[in-house]
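S.K.: Next come the chains, spelled out residue by residue.
2 protein chains.
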Amino acid sequence: MSKDSTNLLDSSPIGKKEFFALLRKILGFRPINKRLYELAFIHKSASIKLPDGSFVNNERLEFLGDAILDAVISDYLFKIYDNEDEGFLTKIRSKIVNRDNLNNLAEKVGIDKLLISNVNQNHLGRNLYGNALEALIGAIYLDRGYWRTKNYLIRRVIKRNLNLEELEQTEIDFKSQIIEWAQKNRKEVRFSSSDTFDQENKQLHFSVDLFIDDKPFGSGDGHSKKEAEQHASEKALHKIEELSR
Amino acid sequence: MSKDSTNLLDSSPIGKKEFFALLRKILGFRPINKRLYELAFIHKSASIKLPDGSFVNNERLEFLGDAILDAVISDYLFKIYDNEDEGFLTKIRSKIVNRDNLNNLAEKVGIDKLLISNVNQNHLGRNLYGNALEALIGAIYLDRGYWRTKNYLIRRVIKRNLNLEELEQTEIDFKSQIIEWAQKNRKEVRFSSSDTFDQENKQLHFSVDLFIDDKPFGSGDGHSKKEAEQHASEKALHKIEELSR
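Chains G and D are the protein sequences, given in the same order. Here our numbering runs 1302 ahead of the position in the first sequence, where the first position is 1. Here our numbering runs 1302 ahead of the position in the second sequence, where the first position is 1.
Among the clues, some could well be false.
Since the list gives no way to pick out one identical chain from another, each pair is judged satisfied if it fits inside one copy or across any two copies.
With a straight-line cut-off of 27 Å between C-alpha atoms, the simulated DSS-like cross-links for lysine-lysine are [what the hints assert, rightly or not]:
| hint | residue 1 | residue 2 |
| --- | --- | --- |
| 1 | 1351 | 1461 |
| 2 | 1410 | 1452 |
| 3 | 1346 | 1336 |
| 4 | 1346 | 1504 |
| 5 | 1381 | 1346 |
| 6 | 1319 | 1504 |
| 7 | 1527 | 1346 |
| 8 | 1527 | 1351 |
| 9 | 1346 | 1393 |
| 10 | 1393 | 1351 |
| 11 | 1327 | 1527 |
| 12 | 1393 | 1541 |
| 13 | 1346 | 1541 |
| 14 | 1381 | 1486 |
| 15 | 1486 | 1336 |
| 16 | 1452 | 1381 |
| 17 | 1504 | 1528 |
| 18 | 1415 | 1528 |
| 19 | 1381 | 1336 |
| 20 | 1461 | 1541 |
| 21 | 1486 | 1351 |
| 22 | 1351 | 1381 |
| 23 | 1541 | 1517 |
| 24 | 1327 | 1486 |
| 25 | 1486 | 1461 |
In case anyone wonders, no lab produced these hints; they're calculated from the structure.
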């Protein structure tokens, strides 16, 4: 973390005073190391050049915040669902931390109002919000420690904006997401499936390859064609996300 | 977490006194809620039936500990590598928390001496060690909180047993791992690859399907055949791990 005095909020659409007033509302507590919070909202496209020639943005904080978020959510779910097995816990955690849900949470929290970026918003551009939420979590963690971060997340983010009972019922439909993305971006999506009989377990095994404009974008396996398509779609969405960074 | 009085160490190869003497040595501090630590070493194959008819083992704790470990390692790397980008951080983190490395760490720490299981040890059986280390991390976290867990991990596990400089140089060779596994288990591994020319980016794109005894076990993509094979092998290893649970 650089300690020079470069103004990180230079290209912010709102002034420094308004930025911290809004941030204070989002956090519910006073930030100490303000620079960390400024950094959390700088998307890669608006990277800031420091006097030493290096560039800074929120990606390192996002790396950290992503892991802290996972830890807090895991703890929270572990205690709420004290009779459920790890399969259930893993599934519901992934419904909470998946891109789409994180983007929604970030917008509900108000992250979009503070974001500093130079990209046009489109379907994938919404990932900027979820990523900035993770970066903010990284900033809070470094500034105020684990327990404060945990309290912030559970009280202000999770309990206010997340309906666990609803989430238990939802299946994430990756196939619909990829088709929606393709329509918006005028691409053609094709699923190609095959099945083999698994002699050992006496059941059919399905493999699906997903192509976007005839280029392979992801493969998936499963005990049903639907399951294999879901896996392939999830991988393709990750790939699109990586390419769009 | 059940509060009844079932003896969780009934099928332990060592007595309760020896168990806690060894554990105390591994931890370097005194456990408070002892039952959590007992549970951390009970593999699924040695699940204990409680009076209410339910079974307990270390898998829930493993779910939690896995996430706590990721958070601690991310924090540690974030601070050590203060000039590296998130791509570097992600890569070195995955070298630390990958199955093989976790199993090694677990053995170095002495987890194997406390484990309670009813399975024969083989190549995959070593995952029991890494998983139990994660479960132990979950137990420490619940018993003593995040900071104590972090200090334990960094001082006693990471700094004593991990050479970061060496790790920076290593590439994880998933292909060799899957071939080694197949030889031990008398299975046949086959890689089937295809390439397409990516018009948009003007480069070749490789896809590899991996078959074990002619059943599809994983697919991978990449800019080289080697990269695609690595990805397919990594997925196949995950699948084998899931099937062997």
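S.K.: A separate judgement is required for each hint: does it hold in the structure or not?
M.R.: Checked hints:
1. 1351 to 1461: neither (38 Å within a copy, 34 Å between copies)
2. 1410 to 1452: within (18 Å within a copy, 32 Å between copies)
3. 1346 to 1336: Within one copy only: 19 Å inside a chain, 47 Å across chains, cut-off 27 Å.
4. 1346 to 1504: Cα proximity of residue 1346 and residue 1504: across copies only (25 Å, versus 50 Å in one copy).
5. 1381 to 1346: between (36 Å within a copy, 20 Å between copies)
6. 1319 to 1504: neither (66 Å within a copy, 47 Å between copies)
7. 1527 to 1346: neither (38 Å within a copy, 30 Å between copies)
8. 1527 to 1351: neither (49 Å within a copy, 37 Å between copies)
9. 1346 to 1393: Between copies only: 19 Å across chains, 30 Å inside a chain, cut-off 27 Å.
10. 1393 to 1351: between (41 Å within a copy, 25 Å between copies)
11. 1327 to 1527: The answer is neither: 47 Å in one copy and 51 Å across copies each exceed 27 Å.
12. 1393 to 1541: both (21 Å within a copy, 17 Å between copies)
13. 1346 to 1541: For residue 1346 and residue 1541, only the intra-copy Cα distance (18 Å) is at most 27 Å; the inter-copy one is 35 Å.
14. 1381 to 1486: neither (40 Å within a copy, 40 Å between copies)
15. 1486 to 1336: Neither: 38 Å inside a copy, 56 Å across copies.
16. 1452 to 1381: both (14 Å within a copy, 20 Å between copies)
17. 1504 to 1528: within (19 Å within a copy, 33 Å between copies)
18. 1415 to 1528: neither (38 Å within a copy, 44 Å between copies)
19. 1381 to 1336: This pair counts as between: shortest inter-copy Cα distance 18 Å, intra-copy 33 Å.
20. 1461 to 1541: Intra 31 Å, inter 35 Å, cutoff 27 Å: neither.
21. 1486 to 1351: neither (34 Å within a copy, 53 Å between copies)
22. 1351 to 1381: between (44 Å within a copy, 21 Å between copies)
23. 1541 to 1517: Both ways: residue 1541 and residue 1517 sit 12 Å apart in one copy and 25 Å across, limit 27 Å.
24. 1327 to 1486: neither (34 Å within a copy, 59 Å between copies)
25. 1486 to 1461: For residue 1486 and residue 1461, neither the intra-copy (33 Å) nor the inter-copy (49 Å) Cα distance is at most 27 Å.
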